[in-house]
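Listed in order, the protein sequences are those of chains C and L.
The first sequence lines up with residues 1 to 204 when you count with the numbering used here.
The second sequence lines up with residues 1 to 204 when you count with the numbering used here.
Hint data in this document are derived by calculation from the structure and do not stem from the laboratory.
Don't take every hint at face value.
The list treats identical chains as one, so a pair stands whether inside a single copy or across any two.
[Claimed, not checked] Here are the computed lysine to any residue pairs in the SDA-like style, where the Cα-Cα straight-line distance is at most 20 Å:
1) Lys-145 - Asp-197
2) Lys-55 - Gly-31
3) Lys-145 - Arg-8
4) Lys-136 - Lys-202
5) Lys-45 - Arg-75
6) Lys-55 - Gln-27
7) Lys-55 - Ser-33
8) Lys-45 - Glu-18
9) Lys-136 - Tyr-179
10) Lys-136 - Val-182
11) Lys-136 - Leu-124
12) Lys-55 - Ala-30
13) Lys-136 - His-183
14) Lys-136 - Asn-181
15) Lys-55 - Val-81
16) Lys-55 - Arg-127
17) Lys-136 - Gln-180
18) Lys-53 - Thr-101
19) Lys-13 - Thr-78
20) Lys-136 - Val-74
Read off the chains here:
Number of protein chains: 2
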Amino acid sequence: MMKTTISRAERTKQMIVEQAAALFNRQGYAGTSIDDIMRATGLSKGGLYTHFKNKEEIALAAFEHAVQRVTQRVRERTQAVQHPLDKLRAAVDFYREHIFTPPVEGGCPIQNTSIEADDNNPALRERVQAAMDYWKHGISHILRKGMEQGSVRPDVSVEVFAVRFIGTLEGGILLARMYQNVHYFDVMATQLAEMIDELEIKMI
Amino acid sequence: MMKTTISRAERTKQMIVEQAAALFNRQGYAGTSIDDIMRATGLSKGGLYTHFKNKEEIALAAFEHAVQRVTQRVRERTQAVQHPLDKLRAAVDFYREHIFTPPVEGGCPIQNTSIEADDNNPALRERVQAAMDYWKHGISHILRKGMEQGSVRPDVSVEVFAVRFIGTLEGGILLARMYQNVHYFDVMATQLAEMIDELEIKMI
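With these hints in hand, go ahead and build the complete structure from the sequences.
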């Protein structure tokens, strides 16, 4: 019989990743020191380096964790509805409701990490690209399903729509967090709602 | 007779601000140390502190400088055309052309600073809000002029349009810089072009 046990080492590693994810997402990669992670985890430097080679390795694991956490929370919402376009609407609603209380403190990990990684951290930027690709594919998959079922207009480019959707959503998150006012997200959400409505096959 | 002279002190201060603007925009606030600024300017710590109280004061001045520089470059383009909607189109073209060669190294200072300031730097966030307000007002002003002249549809909210315009543009910058591929900006630019076209009063 198989037994699923998580070793003490794995639990510690997981705890480091969770604590670090919040720090990196809030303070950025450059703004988070090994000392910060030591304080947040209560571990010594030696304790941290038992599990990770260096700060970059922690950052990569923390980013993966942050993205997985957001993805899982969004998916809980999108899976609760059936119509492909309602899934997109549910995703927008989720971001709206969590603009100041995101699954990982500090906002959208893709946005935060992207800004910092674009100029000076190729390894991290690759992970951000992979996370964005995964998100794009998720949206494309939903739309293609809808086209097969006949509930989404077949004459649109799913790839173009996915990029527009993400770009518009990220713009809304950026503005709302900067102004600390959800109104700015709502303006972009209305634009997203119009974009989604345009994909609908109208029943006559 | 008045004589406009710039003192040596003012020239040094200006040089610090220019060098710091590129550093902060590329590396972020947390990622830029006083040592980095010393290296870039060739000044000693004492030399820097003759002109500025601390790193934050340099960052605020550097941000103002960066925004002014971008604003001036965009304005050169928008002033070269007459029709209000062509001014918006010219702005989009400018950002497209300079996505990887921005007026200040590192990308859009509003975007970069916003991400970092949203969680932990209220003074800097206030400046980012002010810069964004100024940008919004600029777009609103162009549209109102167009409405007065009868070249822009009068039945749209200039405030809503301005937010959508900026949010969509910033989303495009974010995606293109993250993927290091202008294609992603182009997708958002097409969306912007459609939004601008919708404002046009069609001559029958």
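For each hint, the structure was consulted:
Taking the shortest Cα distances, Lys-145 and Asp-197 sit within 20 Å of each other inside one copy (17 Å), while across copies they are farther apart (32 Å). In this homomeric assembly, Lys-55 and Gly-31 come within 20 Å of each other (Cα to Cα) both inside a single copy, at 12 Å, and across copies, at 14 Å. With identical chains, the CA atoms of Lys-145 and Arg-8 are never at most 20 Å apart, being 42 Å at best within one copy and 67 Å at best between copies. For the homomeric pair Lys-136 and Lys-202, neither the shortest alpha-carbon distance inside one copy (25 Å) nor that between copies (36 Å) is at most 20 Å.
Taking the shortest alpha-carbon separations for Lys-45 and Arg-75, neither the intra-copy value of 36 Å nor the inter-copy value of 51 Å comes in at or below 20 Å. For the identical chains of this complex, Lys-55 and Gln-27 are neighbours both inside a copy (14 Å) and across copies (17 Å), given an alpha-carbon limit of 20 Å. When the C-alpha separation of Lys-55 and Ser-33 is checked against a cutoff of 20 Å, the pair qualifies both within a copy, at 8 Å, and between copies, at 18 Å. Taking identical chains as interchangeable, the C-alpha atoms of Lys-45 and Glu-18 lie at most 20 Å apart only when both belong to the same chain, with a minimum of 17 Å there against 38 Å between chains.
For the identical chains of this complex, Lys-136 and Tyr-179 are inter-copy neighbours only, at 13 Å across copies versus 27 Å inside a copy, given an alpha-carbon limit of 20 Å. Within a single copy, Lys-136 and Val-182 get their C-alpha atoms only as close as 24 Å, which misses the 20 Å cut-off; across copies the closest is 17 Å, which meets it. Proximity of Lys-136 to Leu-124 under the C-alpha cut-off of 20 Å is restricted to the intra-copy arrangement: shortest distance 18 Å within a copy versus 33 Å between copies. In this assembly of identical chains, the alpha carbons of Lys-55 and Ala-30 lie at most 20 Å apart whether taken from the same copy (10 Å) or from different copies (15 Å).
For a Cα distance limit of 20 Å, the shortest separation of Lys-136 from His-183 across copies, 14 Å, qualifies, whereas the shortest one inside one copy, 26 Å, does not. In this homomeric assembly, Lys-136 and Asn-181 come within 20 Å of each other (Cα to Cα) only across copies, at 15 Å, whereas the closest approach inside a single copy is 27 Å. For the homomeric pair Lys-55 and Val-81, neither the shortest alpha-carbon distance inside one copy (40 Å) nor that between copies (50 Å) is at most 20 Å. In this homomeric assembly, Lys-55 and Arg-127 come within 20 Å of each other (Cα to Cα) only inside a single copy, at 15 Å, whereas the closest approach across copies is 31 Å.
For the identical chains of this complex, Lys-136 and Gln-180 are inter-copy neighbours only, at 16 Å across copies versus 27 Å inside a copy, given an alpha-carbon limit of 20 Å. Within a single copy, Lys-53 and Thr-101 get their C-alpha atoms no closer than 31 Å, and across copies no closer than 35 Å, so neither meets the 20 Å cut-off. In this assembly of identical chains, the alpha carbons of Lys-13 and Thr-78 never lie at most 20 Å apart, being 30 Å within a copy and 53 Å across copies at closest. Proximity of Lys-136 and Val-74 under a CA criterion of 20 Å is satisfied intra-copy only: 14 Å inside one chain copy versus 31 Å between copies.
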